[in-house]
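**Q** Residues per chain are reported as follows:
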Amino acid sequence: MKVSSTTRRALLKSLTFMSAIVMMPKLVLAAWPKKAFEDDSVEAAITELYGTASEPSDQVTLKAPDIAENGAVVPISVTTDLPNVESISIYVEQNPNPLAATFELSKSSLADVSTRIKMGTTSNVTAAVKSGDKVYTVSREVKVTIGGCGG
Amino acid sequence: MTIKVKAKLSDGVVNVKLLMKHPMETGRRIDTATGNKIPAHHVNELTCTWKGEVLFRSNLGPAVSKNPYLSFKVKGPKSGDELLFSSVDNKGETDQGKVIIP
Amino acid sequence: MKGKIILLSSIVLATVGISAYAGPEQDRVAFQKFFHDKFPRTPKADFINGIYSIDAASREQWLEIEEFPPYEIAIEEGEELFNTSFKNGKSYADCFENDGKNSRKNYPYFDPKRAEVVTLELAINDCRVANGEEPLKYAKGKLAAISAYLSFVSRGERINVVIPDNAGALQAYENGKEFYYRKRGQLNFSCFDCHGAASGQRVRADRLSPALGHVSHFPVYRSKWGGMGTLHRRFKGCNEQVRAKGLNPQSQAYKELEYFLSYMSNGLEFNGPGARK
Numbered sequence: 001m002k003v004s005s006t007t008r009r010a011l012l013k014s015l016t017f018m019s020a021i022v023m024m025p026k027l028v029l030a031a032w033p034k035k036a037f038e039d040d041s042v043e044a045a046i047t048e049l050y051g052t053a054s055e056p057s058d059q060v061t062l063k064a065p066d067i068a069e070n071g072a073v074v075p076i077s078v079t080t081d082l083p084n085v086e087s088i089s090i091y092v093e094q095n096p097n098p099l100a101a102t103f104e105l106s107k108s109s110l111a112d113v114s115t116r117i118k119m120g121t122t123s124n125v126t127a128a129v130k131s132g133d134k135v136y137t138v139s140r141e142v143k144v145t146i147g148g149c150g151g
Numbered sequence: 001m002t003i004k005v006k007a008k009l010s011d012g013v014v015n016v017k018l019l020m021k022h023p024m025e026t027g028r029r030i031d032t033a034t035g036n037k038i039p040a041h042h043v044n045e046l047t048c049t050w051k052g053e054v055l056f057r058s059n060l061g062p063a064v065s066k067n068p069y070l071s072f073k074v075k076g077p078k079s080g081d082e083l084l085f086s087s088v089d090n091k092g093e094t095d096q097g098k099v100i101i102p
Numbered sequence: 001m002k003g004k005i006i007l008l009s010s011i012v013l014a015t016v017g018i019s020a021y022a023g024p025e026q027d028r029v030a031f032q033k034f035f036h037d038k039f040p041r042t043p044k045a046d047f048i049n050g051i052y053s054i055d056a057a058s059r060e061q062w063l064e065i066e067e068f069p070p071y072e073i074a075i076e077e078g079e080e081l082f083n084t085s086f087k088n089g090k091s092y093a094d095c096f097e098n099d100g101k102n103s104r105k106n107y108p109y110f111d112p113k114r115a116e117v118v119t120l121e122l123a124i125n126d127c128r129v130a131n132g133e134e135p136l137k138y139a140k141g142k143l144a145a146i147s148a149y150l151s152f153v154s155r156g157e158r159i160n161v162v163i164p165d166n167a168g169a170l171q172a173y174e175n176g177k178e179f180y181y182r183k184r185g186q187l188n189f190s191c192f193d194c195h196g197a198a199s200g201q202r203v204r205a206d207r208l209s210p211a212l213g214h215v216s217h218f219p220v221y222r223s224k225w226g227g228m229g230t231l232h233r234r235f236k237g238c239n240e241q242v243r244a245k246g247l248n249p250q251s252q253a254y255k256e257l258e259y260f261l262s263y264m265s266n267g268l269e270f271n272g273p274g275a276r277k
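Chains as they are written, first to last, in the working numbering: chain A, 1 to 151; chain B, 1 to 102; chain C, 1 to 277.
Some hints here could point you the wrong way.
Said to hold, decoys possible - Here are the simulated lysine-lysine pairs, BS3-like style, with alpha carbons at most 27 Å apart:
1) A/Lys34 x B/Lys73
2) B/Lys21 x C/Lys183
3) B/Lys17 x A/Lys63
4) C/Lys90 x B/Lys17
5) B/Lys51 x A/Lys107
6) C/Lys90 x B/Lys6
7) B/Lys91 x B/Lys8
8) A/Lys63 x B/Lys51
9) B/Lys91 x A/Lys63
10) C/Lys224 x C/Lys140
11) B/Lys78 x B/Lys17
12) C/Lys101 x B/Lys21
13) B/Lys78 x A/Lys34
14) B/Lys6 x A/Lys63
15) A/Lys134 x B/Lys73
16) B/Lys17 x A/Lys107
17) A/Lys107 x B/Lys98
18) B/Lys8 x B/Lys78
19) C/Lys142 x C/Lys90
20) B/Lys8 x A/Lys107
21) B/Lys75 x A/Lys134
22) C/Lys224 x C/Lys142
These are computed hints drawn from the structure, not numbers from a lab.
Please read all numbers here as calculations on a predicted model, not as lab measurements.
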């Protein structure tokens, strides 16, 4: 059956449009990862977010204090030289729901992010980096103490 | 329009810092006056756009500190360009901010 | 009256090893020397940064917070409040010279007519009441925000309390000094016990800040409060923490304590508002 040129053009147009949607960076389409924020273990949250298990790497740098001055406001920074970093996320193992935040990077972003998080108690803090298809993590312990001045 | 932003351009990299005003209630705290739990009220998402393009996005949960602070770096925007910021929280409330890169 | 002042001061000064009493200026020199000797590696000007001037690990976290400190929210709110007219058409600018800029250095001072110490926070409410507005609460909220704004636009001014030649002023100073050195509460601590003798040491995981420079950086955004608080809010909390009765902010005792502590820090720069744990 012969297809008229107008129909073919219309078809091509719609196909191009649809493939553009599919090709749009995940950055724009993803919804708030509710389940990951509700997972009660670091590993479950990582797998939920990235669909794959993680492996430790010394190429991810996590900056966090050894002893938090106040568990309500703990400054955290994550940097890495790994290539093609799509996402960085931060977890507090001993928090009821470990996932604290994710950073979704575009092609224009550098893999260098900071925030301030709440920690309920002394805990490992883990940073996960999605580089290409793989997820790399690094952890360090941050102590949260009872102050003597009602801290 | 309460998202406060500072941006600095250095060697082609824009260093962005932002501070939001938000209680970031976890939903676990108990109001000592009533004995009831204070409902969760926290930012879910923060997006930074430049000329209509999404440069950066962050998903936040209740474990981010009250009055959230975020810092990130991007390449591309030039001096005089405007970056726009928008956020939405778990109640659907939105907020905005902007900065012109010096 | 004068004899009573001198007797009390002699007792107090004997504690710190000085025999003849010549007045507040001698106290100040001794007070500052005490802390300079205790923390010889701390630059004298740095005492305005409290514990961050002597503890490297917490200083680093404080510097991270200072990258974008949460008190900036309060400064902005305070500026807006300061520039909002009262119902009668006047504004705070009519009470604070120079649009509020550099006005922090004028407080606290002793007003001989009112026979009381006037603090910045008291002056803010004085302005409101004089213009037909309700006074604000003294510990936090809007008043702390206005205080944060006024402190911010006064940064760099030097603490310079001048005690006038007036019996009431000298008594206020002496009352403040007495409060600082008197033990209180179930834990039986004086301000001096923790913030003088034991400053730099730990109480559980907290390191105690030196009293020198205490008043320079208020009001503060405390991580613990998740918001701003004035100096007297902290006085009250601290008294309660040694299980003593916390007094109301801007009570006579706290104003006089602020008067004494400010005089002791004469010469240091105002650097409020501050960020603390």
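**Q** Of the hints stated earlier, which fail here?
**A** The structure breaks hints 2, 4, 6, 7, 8, 9, 13; every other hint is satisfied.
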